[in-house]
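Visitor: Sequence:
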Amino acid sequence: MSFRNAPYADHPRRGFADGVRLIPRLWLIAVSLGLVPGPAFAATRPEIHPHTKRFGAGVHGFVEAAYGPKFLGDERTQKDEFSLLEQRLQLKTRWQPTAAWLASWNPELFYKGDLLIDEYDEAVRYEIREAYGLVSPVPWLDAKLGRQILTWGTGDLLFINDVFPKDFVSFFVGRDDEYLKVPSDAARVSIVHPWAALDLALIPFFTPNAAITGDGLSFFDSLLGRVVGEESERLLTEPSFQPDQTEVAARISRNLSSYEVAGYAFRGFFKQAVGTKNQDARELFYPELAVYGASLRGPAPGVGGIAYGEIGYYDSLEDRSGKNRLIENALMKYLAGYERDFPNDLRLGVQYFVEQMLDFGDFTASFQPGDVPRDEVRQLLTLRVTRLFWLQTLEASCFALYSPTDDDAHLRPRLTWQASDRWKVVVGANLFFGTHDWTEFGQLEENDNLYVRARYSF
91 MSFRNAPYAD HPRRGFADGV RLIPRLWLIA VSLGLVPGPA FAATRPEIHP
141 HTKRFGAGVH GFVEAAYGPK FLGDERTQKD EFSLLEQRLQ LKTRWQPTAA
191 WLASWNPELF YKGDLLIDEY DEAVRYEIRE AYGLVSPVPW LDAKLGRQIL
241 TWGTGDLLFI NDVFPKDFVS FFVGRDDEYL KVPSDAARVS IVHPWAALDL
291 ALIPFFTPNA AITGDGLSFF DSLLGRVVGE ESERLLTEPS FQPDQTEVAA
341 RISRNLSSYE VAGYAFRGFF KQAVGTKNQD ARELFYPELA VYGASLRGPA
391 PGVGGIAYGE IGYYDSLEDR SGKNRLIENA LMKYLAGYER DFPNDLRLGV
441 QYFVEQMLDF GDFTASFQPG DVPRDEVRQL LTLRVTRLFW LQTLEASCFA
491 LYSPTDDDAH LRPRLTWQAS DRWKVVVGAN LFFGTHDWTE FGQLEENDNL
541 YVRARYSF
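This note's numbering puts the first residue of the sequence shown at 91, with every later residue one more than the last.
If you are wondering where the hints come from, they were derived from the structure by calculation, not from laboratory data.
Don't take every hint at face value.
To be verified - Okay, derived cross-link-like pairs now, DSS-like style, lysine-lysine, Cα gap no bigger than 25 Å in a straight line:
no., residue 1, residue 2
1, 271, 182
2, 514, 271
3, 413, 367
4, 182, 234
5, 234, 271
To be verified - Now the in silico label distances, taken between C-beta atoms and shown as ranges:
no., residue 1, residue 2, range
6, 208, 334, 21 to 31 Å
7, 508, 451, 28 to 38 Å
8, 444, 351, 12 to 22 Å
9, 430, 170, 41 to 51 Å
10, 466, 350, 24 to 34 Å
11, 170, 283, 49 to 59 Å
Ideal placement from N, C-alpha and C gives every residue a C-beta, glycine not left out.
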């Protein structure tokens, strides 16, 4: 994660037309690599090493252009006309060595990287999304080492036992849902047994959620007590790299008839900076955390469809008594969900989520003027409606979140047109509503945006 402790320097303002002119740059890169059609030349077949399996032929990816204007503008942020303007080239490949001495281990190397021209930050960046090695020395064991996406749990965009890092900035400005999940540098072992399956992940390098800093999205700064943008100057202190601070996550699951039952455990740190180390210096930190939970998923008896439930206990290890107002209290989180397919390519899904603060009496007793008010129980309802049209090439969907306790909401309508096997166009919006500035969605009211993405896959 990167953040700034001082406002951006002034930059000349650039608009959508400038971004459109940069699209050919990524296209030329892709053509030069032979990944998308270019001028017709004599075809040549690359030489394949005897100890590889078609490495060159396994390169895939996409070129994408995205633009997201703000509905009303927000002068607090770095640019008030738009929140997203970028062009992206993603390449991924899979390599399976065939050397005899390795064959019994079924080795595999996977790589995925993004070259991004980000016109909001006026920067060109390259990000390694995934880069790992996978071996299966025996049929019941897989071991994966390297940069990878870690995820588990049952919720639809609601996370309890999935405590791995997220990027809600990308989520709120209109990037593909793929970019909600932040990769971790980790080792993961999966063991399959007739009785149960075990997944174990070791994460030596701490990766937090991508923080909303005010540069791209305005938000409620609890240290200033108001909604801010670029003027927010918080210092987010991450845990140092030490072997004894390696995060550990485990999941054990088993199928019982048509149902999957799972138990979870985690020891590490909050992924949000929910601890205050020094109020005068505006320094926040990531407190230690342990999570224990369970989930159940399977057919809903009598009504059809799929039902699921999940529960998690968040043990705030640095404030177990709940008396330290500068550190997040322990929590209980609950989730119940149901989804079902209907005729005419219609799918509905609903969820009910509850977050309960433990030791709430100690929290209220230590409450001081200027602190952000909290409810003992926070409730959240979600509804997802999806319908397919035009021989299933056009998907219309809307995901709605509403909190009756916070009195705020977030709407995510979206149209996805699969124009061909290679071309896809997405048009959507992020809309925020709220009565109070300090709630999860109420603080984002000035960030309403529309977005358009066009992608060519190869």
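Visitor: Determine for every hint whether it applies to the structure shown.
Guide: Status of the hints after comparison with the structure:
no.	hint	result
1	271 / 182	holds (17 Å)
2	514 / 271	holds (21 Å)
3	413 / 367	holds (15 Å)
4	182 / 234	holds (17 Å)
5	234 / 271	holds (18 Å)
6	208 / 334: 21 to 31 Å	violated (37 Å)
7	508 / 451: 28 to 38 Å	violated (54 Å)
8	444 / 351: 12 to 22 Å	holds (21 Å)
9	430 / 170: 41 to 51 Å	holds (42 Å)
10	466 / 350: 24 to 34 Å	holds (32 Å)
11	170 / 283: 49 to 59 Å	holds (56 Å)
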